[in-house]
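Colleague: These are the residues of each chain, in order.
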Amino acid sequence: MTAGSLIVIGVLQALVIAAVAPLYSGFARVLRAKMHSRRGPSILQNYRDLVKLVKRQEILPAQGNFIFRITPYLTIVCALLIVMIIPILVTESPFGWVGDMILVIYLLVLIRFFTSLSGLATGSTFGGMGARRELFISALVEPLILLVLFVMALLAGSTNLGVISTAVFTGALPYYATVWLGMISFSFVIFVEAGKLPFDLSEAEQELQEGALTEYSGRGLALMQWGLYVKQLAVVSLFLAVFIPFGSTTTLSLQACLMALLLFLLKAALLYAIAAVIENSMARLRFIKAPSVTWIALGIGLLCFAFYLVRV
Amino acid sequence: MESICLLFLSVLLFGAAAFLSLLFRRLGRAARYTSGMLAMIASLVGGLAAIRVFVQGPATFEFSGLPVLAHFAFGLDGLSAFMVGMISLLAFATSLYSTSYAEEYDKHGPGELGFFNNLFIAAMLLVVSVANAFYFLIFWESMTLASYFLVIFEHEKSESVDAGYLYFVIAHIGTALIMLAFLVLYQHTRSFDFSSFRDATLPQATKNLVFLLAFFGFGAKAGIVPLHIWLPRAHPAAPSHASALLSGVMIKTAVYGIIRLCVDLLGAPVWWWGVVVLLFGAVSAVLGILYALDERDLKRLLAYSSVENIGIILIGVGIGMVGMTIKLPALAVIGFLAALYHAINHAVFKGLLFMGAGAVIHRTHTHDMNEMGGLARLMPWTGLVFLTGAISISAIPPLSGFVSEWFLYQALFIGSTADLGVLRVFGPILAMILGLVGAMVAMCFVKAYGTTFTGPPRSQLAEQAREVPGSMLAGMGILAVGAIFLGLGAPLVTPFIGGIAADLAKVPAEILTNGMQVFPTEISQAVLSTPLVLILLAGLLTVPLLVVALLGGFRAGQKSDTQPWACGYGYSSKMGVSASNFAQPMRLAYQPLYGLRALLQKPLDDIAAFSRKVNDALPGAEPLLERTASRPLMYTVQYLGELIQRMQMGDVRTYCLYILIALAVLLFVIFR
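Residue numbers (my numbering), protein chains in the order written: chain A, 10 to 321; chain B, 6 to 677.
It is possible that part of the hints are untrue.
Listed next, with one range per pair, are the computed distances between beta-carbon atoms [what the hints assert, rightly or not]: (1) A:ILE16 / B:LEU150: 56 to 66 angstroms; (2) A:LEU263 / B:LEU546: 45 to 55 angstroms; (3) A:ARG65 / B:ASP610: 50 to 60 angstroms; (4) B:GLY573 / A:SER14: 55 to 65 angstroms; (5) A:ILE16 / B:GLY573: 25 to 35 angstroms; (6) A:ALA28 / B:ALA479: 45 to 55 angstroms; (7) B:GLN596 / A:ASN289: 25 to 35 angstroms; (8) A:ALA28 / B:ASN519: 27 to 37 angstroms; (9) A:ILE193 / B:GLY272: 51 to 61 angstroms; (10) B:ASN519 / A:ILE193: 36 to 46 angstroms; (11) A:THR259 / B:ASN519: 19 to 29 angstroms.
Away from chain A, derived, C-beta distances all over 10 angstroms, residues of chain B [what the hints assert, rightly or not]: (12) GLU108; (13) GLU161; (14) THR206; (15) GLY432; (16) GLY455; (17) GLY504; (18) GLN653.
Each computed DSSO-like pair below joins lysine-lysine, with the alpha-carbon atoms no more than 27 angstroms apart [what the hints assert, rightly or not]: (19) B:LYS162 / B:LYS112; (20) A:LYS298 / A:LYS205; (21) B:LYS607 / B:LYS618; (22) B:LYS112 / A:LYS61; (23) A:LYS64 / B:LYS607; (24) A:LYS276 / A:LYS205.
Simulated from the structure, these hints should not be mistaken for laboratory data. Even glycine gets a Cβ: it sits at the ideal position worked out from N, Cα and C.
Working from the sequences, and respecting the hints, build out all of it.
Modeller: What follows is the structure, given as structure tokens:
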């Protein structure tokens, strides 16, 4: 595929994900309401919220400095760059010439760094608590993300996400136990990164007043929420790109791209639905008990690594 | 040759700065300025020497006129020049900073501070360029002593003195081990020259012995766990610009020693050497950052984080060494590249952070982060440069720390595909550990920046802080620009450092860049382009801006609140998260590892206690001398005096009698 068309695909991915991310979060809300036997909001409610919030006056906390103001922009921008690097529509990494999976992981760290810093910057109790939790949880899952992706990269022979995706897509990297175990442990990462129950700890609405988001309002809050929706979908698409890339296209025609897009949206919807079922059948973990679950996930990750070692 | 002359000139200028500073010690300000300005010129000359080596190639110099024990031999190859450049850069920035900062120490004697500081820099320059073991040890020892005096500079504080003792003892244990290593080599080669070590054919057992002695000897100086205990106490005790040098470059001279001796001179002949190095590196990285998280003393937090960074550098060195042993050029080059790249990065951002901490302490007069808060509004520029340092050290793209860690991940990747079981197992595990360390570093520096510079001011001192003078800002600014350049300029910097790494591994240089991209020898393995990351992030900014503008968000206006929401209660700055409780969950989750620290600290505390006992015994040693030597003497004098006293009765007649007797005796003698 030519560089030019890859750039177009990358930009297209960013725009599509940015546009549909609130829809998916709305979908999760609807599913949740249905499972609670409530009528729930419309699936488009998130869009309405965002539009309304943008138009509202923004109230800045007295202590907040420039970090508080730039964080919403940084969050959405980094999430979009991640989406451009992850192979979503095609099996190649559209912006793979910028960086590899290590860059993607560290862009996620960037988002986390600034969201927690802005939580701390407000001087609010809830903001600080949220920041602390966010970083603590990341210290628990970061090793897992790296281990699993590293093993997948070793199997595919490159840390370029496109190469990994292509290897799984073409069957050069068949589904044997290593991949399955990697998939299982990586699915914990989705829950943590997306802030879903039982890991809804740093933005815990009922407990911490949305943690680091507490003091955001108006367009800051709108951008922040939109950024987090995009980030959620980005993590989901990372999972799909590495473990379930089927449906992506290798040829570049409008028809094929639309087909791939449709399949991706379906796969993502399915994952959101599964996640919603799990999420709603669980209670939130007590914050300090979270390590016991992530240790299990890490254990599965290590098992995946052990399988990788003995296979050859 | 010219480069060596420039280096000597630089060393002489540092020497001149040292002595002039001492000469003007009574003049305060004059001493500060002379020492600072001369040192800046000296570091420019030093930087020039390094550049000349990169342009003209390595140079050697030997002065055999001296009828002493060993050849006075110097050599500036790529590695030495790299170190000289690093030291010069930090020396320049810290000297500029010190012209104002040392004001804080005017009452302690700015002259002495300048003296020891400049001697320290000069000794470091000589350590990394000398090519003879005998003189290496002499310069190494001068470096240790000069830095010891910097550590105990505030000698009225008992903790500084204790830290100094601990440093003194451990540094000398290290020096003794290094000395033994060189003596073993001397035994076989009958020469102290590095060149003869390099050409010698030694039995493997000897090489192993030398490696172990040198690794632990230099490791004591580098601060690898478990020999790190002195570091978090000694580095913060020194004045901040000296801390920047101690943490930024001095511990790198130890890494230089390990590379010079084990890689360059001995050639890393067996794979377990590298594995030992990288395992100690991994342990240091994890424990270093874990302990850093627990600190509320800003400078001590930074010092612990140096232990972590040395760990990361050593992982790179270890991988490079294994790569050399198993003859895998890509692995060796990328491993050493990652190590050297991280070494210069760490020098820059840790220097910057220590100076930033110094600026904060200069204005708030406390090391305790719980007493700070909200300083970014009062000290905006200091806040900005500190944030640059914090982002770089947290390996956040596209700044400098990320590039070197990226190369380290790539080295681990190459190692994991290598035909060596140990690396196949350790490669992914180390990547996992690096991920853990990365997350904890981010947490640590969110805490450091967040609780110091943002949030509400938590003490009166923090409320009254003001911005530091321009020269301090300029000193920090240079390094902030450096941190940004080393990140965004990766495609420019990588070939240089890659060349040095290839020289070290004794393989031809590899191609590592392609336009704005860098890659680990194989473009198919991975590419990274930090400048493009920045461009894309900036370009994507149009998306949120456009959306907000289209929806009319910018017309909605902004308003500043008076205080954060506190469930309807009155807000107090005590409600925010403080430095001491920020990492509390980590303390719970990693309790055993924190317990390990207490365990490790015990024997070393005993050493410190023993040293203190020795010190206390010194005043007791004085009466001992008095009892054995001076008291009998005194009694004798007294006895004689009493005898004489009997003759002096105060009676004039008796005195007349004495005179008459004396006359009679004299007459008798003369006219006999």
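Colleague: Check the following: the C-beta atoms of ALA28 of chain A and ALA479 of chain B are separated by a distance inside 45 to 55 angstroms.
Modeller: Cβ of ALA28 of chain A to Cβ of ALA479 of chain B: about 47 angstroms, so the range 45 to 55 angstroms holds.
Colleague: Is 19 to 29 angstroms respected by the C-beta to C-beta distance linking THR259 of chain A and ASN519 of chain B?
Modeller: holds (25 angstroms)
Colleague: For the pair supplied as a hint, LYS298 of chain A and LYS205 of chain A, confirm whether the alpha-carbon distance does not exceed 27 angstroms.
Modeller: Roughly 16 angstroms between the alpha carbons, so the hint for LYS298 of chain A and LYS205 of chain A holds.
Colleague: At the C-beta level, are GLN596 of chain B and ASN289 of chain A separated by a distance inside 25 to 35 angstroms?
Modeller: holds (33 angstroms)
Colleague: Once the closest CB in chain A is found, is it more than 10 angstroms from GLU108 of chain B?
Modeller: holds (28 angstroms)
Colleague: Given the hint of 50 to 60 angstroms, check if ARG65 of chain A and ASP610 of chain B actually sit that far apart at their C-beta atoms.
Modeller: holds (58 angstroms)
Colleague: Could you say whether the range 51 to 61 angstroms given as a hint is met by the Cβ separation of ILE193 of chain A and GLY272 of chain B?
Modeller: violated (45 angstroms)
Colleague: Holds or violated: are the alpha carbons of LYS64 of chain A and LYS607 of chain B at most 27 angstroms from each other?
Modeller: With a Cα-Cα distance of about 61 angstroms, the restraint between LYS64 of chain A and LYS607 of chain B is violated, given a limit of 27 angstroms.
Colleague: Does the hinted range 36 to 46 angstroms hold for ASN519 of chain B and ILE193 of chain A at CB?
Modeller: holds (38 angstroms)
Colleague: In terms of Cβ atoms, is chain A entirely out of 10 angstroms range of GLN653 of chain B?
Modeller: About 86 angstroms separates GLN653 of chain B from the closest Cβ of chain A, which puts it past 10 angstroms; holds.
Colleague: Quick one: work out the minimum CB distance from GLY504 of chain B to chain A and report holds if it exceeds 10 angstroms, violated otherwise.
Modeller: holds (24 angstroms)
Colleague: That 45 to 55 angstroms hint for LEU263 of chain A and LEU546 of chain B (C-beta), does it hold up?
Modeller: Violated, at about 29 angstroms.
Figure legend: structure checked against the earlier numbered hints; hints not met, in rising order: 2, 5, 9, 15, 16, 22 and 23.
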